[in-house]
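K.L.:
Now for the letters of each chain:
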Amino acid sequence: MPLSTVLLSHAQKTLRSYCQGPTNKEISIPTKTTEQEEHQYEENIKKNILAKALDFVQKTGWTIESLAQGAEAAGYPGIAHGLFPNGGGDLVHYFNITCNEKLVEQMKSWPKEELKESKVPAQLIENAIMTRLLMIEPYKSTWPKAMAIQALPNNVPNCLATLLSLVDDICYHTGDRSVDFNWYIRRVGLAGIYKASELFYLTDSSQNNSGTRSFVKSRIRDAELIQIALNVNPVAVAPQTLTAAFVTAKNMLGMNSLK
Amino acid sequence: MSLRRKILRLISVPKPYQKLCSVRYYSAQTAAKNDSEEKRKTHFGFETVDEDEKTKKVYEVFETVAEKYDTMNDMMSFGVHRIWKDIFMMRFAPTPGTKLIDMAGGTGDITFRYINYLRNKKNATAEKHSSVTVCDINPNMLNVGKVRAEKQGYLKDSPVDVDWLCADAEQLTMIPDESYNAYTIAFGIRNCTHIDKVLEEAYRVLQPGGRFMCLEFSQLPNPTMQWLYDQYSFQLIPVMGQLVAGQWKPYQYLVESIRQFPDQEKFKSMIEDAGFRQVTYENLTFGVCAIHSGFKI
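Heads up: the protein sequence lines correspond to chains A and B, in order. Residue numbering for the first sequence follows the UniProt record's numbering, starting at 1 and increasing by one per position. Residue numbering for the second sequence follows the UniProt record's numbering, starting at 1 and increasing by one per position.
Just so you know, these hints were derived from the structure itself, not from any lab. Accuracy of the hints is not assured; some may be wrong.
[Unchecked claim] Straight-line alpha carbon distances no greater than 20 Å define the calculated SDA-like cross-link-like pairs of lysine to any residue that follow:
1) B:K121 <-> A:T63
2) A:K59 <-> B:K128
3) A:K47 <-> B:I297
4) A:K52 <-> B:I297
5) B:K197 <-> B:Q207
6) A:K52 <-> B:P96
7) A:K112 <-> A:Q123
8) B:K128 <-> A:A73
Note that the structure is predicted; figures quoted are calculated from it, not measured.
Required output: the full structure, derived from the provided sequences and hints.
P.N.:
Have a look at this one:
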């Protein structure tokens, strides 16, 4: 071990300049900025390959093959797919991130009239969910596989993170500024609606995806109802709840007198 | 460490282990000394030898073990080395069109897995052509590989072109720049005198986007496991070598050279210093082996 230290420190400078070429001369100054630049450089190459790989998804799916073809399209050998140790998982993750970014860009330009009213901006939320779902359209045939890939244990953290950022963006841009427990309820609720709609959308063959749209609409209405129910003061509705429970119990016991 | 010392005090310490301890504990001083005076010296196992001498000695080691190489690997690792190599190839995941140089791959273990991987890929033959250059410094090891390739039918109607090349990993002068897109070296880099030169050459012969992958023995992060592993290596492996292959010295060298090789993080930074990016490593079997991977991008 000691000798390799010698070799390393001895050879470091020459190696650097030899290997990096003239473009990366700043590299010898080990500051934080250059490290960031380095990182940025690597990230850019990866993004470039991923973006190119998306073109092949329709043919070869969310797989290493697509990544390899993407790498070739970006001017690297196919073997560079090893940059993405999660294979298809990384590709799906990239796709989700770019879609989320696109959605945020679009939502920023949407009219905000509905937000001025005090009720839930159901129409805006519905539009947001639909816009995001329709981004899957080009890859609809391969999307079930992508969903399966996302459910693999090593991809779950990434998948949840993108889902959270998606619902967070939607909540924020539809006017949610809550800082209480509602913050969680809205996000979890919306995530549920989105995932359910995604599943529905996969088997939806209606014209202009009207089936999905109405599905989303009714789920949002459900959520609104739940929200109303939750917001009601529990003491005020106690008699009603008790009566309901009593009636249910009577029905179950076959003592329903109304018959 | 303290546990280790106590046990050492209790049992009589065999000779090889004494050597291990002294190197371990005084490594800092040796480093300082080497810095100033002994630049042309290097290690051969735990011995310090001239640089030229190491190349010669390593050559001799592999000349003597070539024939029994596979049997001994199976014996010493209980067959696990096959799994390590399989995992290595799975991580590598070659695609059609890969131009691989399999350095120190004389007996063809990596090359045959590579060919199999590409064969099992559907419509691999229809697409771009793949190739592999098996490269080893030792013609004896290459001969073992050639015979095996012939016997196991890897050369007939294979989707991959196979070349055999006898060359030194530190000076691949006959290979032009950027002529391969993948470079693998499995259990070989440890035996090279100048690891940095090997990495430098690897970087040179790779195309932009090419991948460097190395499978090599490494250090176990867990001290207890390392102690167990040390016991096994120093007490049993040379004995096995003597019994099975009739050779003590090469296997003594083997276990010593493993201890001399830099640990995972150190080797990672060496790969980075050669210019590779996105360098990662993965431990196999608690860190007995590690797969290092880097890209020329």
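K.L.:
Is K52 (chain A) close enough to P96 (chain B), meaning Cα to Cα at most 20 Å?
P.N.:
Holds: K52 (chain A) and P96 (chain B) sit about 18 Å apart, inside 20 Å.
K.L.:
Take a quick look at whether K59 (chain A) and K128 (chain B) sit within 20 Å of each other, Cα to Cα.
P.N.:
Given pair K59 (chain A), K128 (chain B) holds - Cα atoms ~17 Å apart, limit 20 Å.
K.L.:
Going straight from one Cα to the other, do K52 (chain A) and I297 (chain B) come out at no more than 20 Å?
P.N.:
17 Å, holds
K.L.:
Could you grab the alpha-carbon distance between K47 (chain A) and I297 (chain B) and see if it respects the 20 Å cut-off?
P.N.:
Measuring from Cα to Cα gives roughly 13 Å; hence the hint holds.
K.L.:
Would you mind confirming whether the straight-line C-alpha gap from K128 (chain B) to A73 (chain A) stays at or under 20 Å?
P.N.:
Holds: K128 (chain B) and A73 (chain A) sit about 14 Å apart, inside 20 Å.
K.L.:
Check the hint pairing K112 (chain A) with Q123 (chain A) against an upper bound of 20 Å on the C-alpha distance.
P.N.:
Given that 20 Å is the threshold and the Cα spacing comes to 11 Å, the pair holds.
K.L.:
Under the criterion that the straight-line Cα-Cα distance not exceed 20 Å, is the pair K197 (chain B), Q207 (chain B) satisfied?
P.N.:
Answer holds: K197 (chain B) to Q207 (chain B) is near 18 Å, not above 20 Å.
K.L.:
Given the hinted pair K121 (chain B) and T63 (chain A), is their Cα-Cα distance within 20 Å?
P.N.:
13 Å, holds
No hint from the list above goes unmet by this structure.
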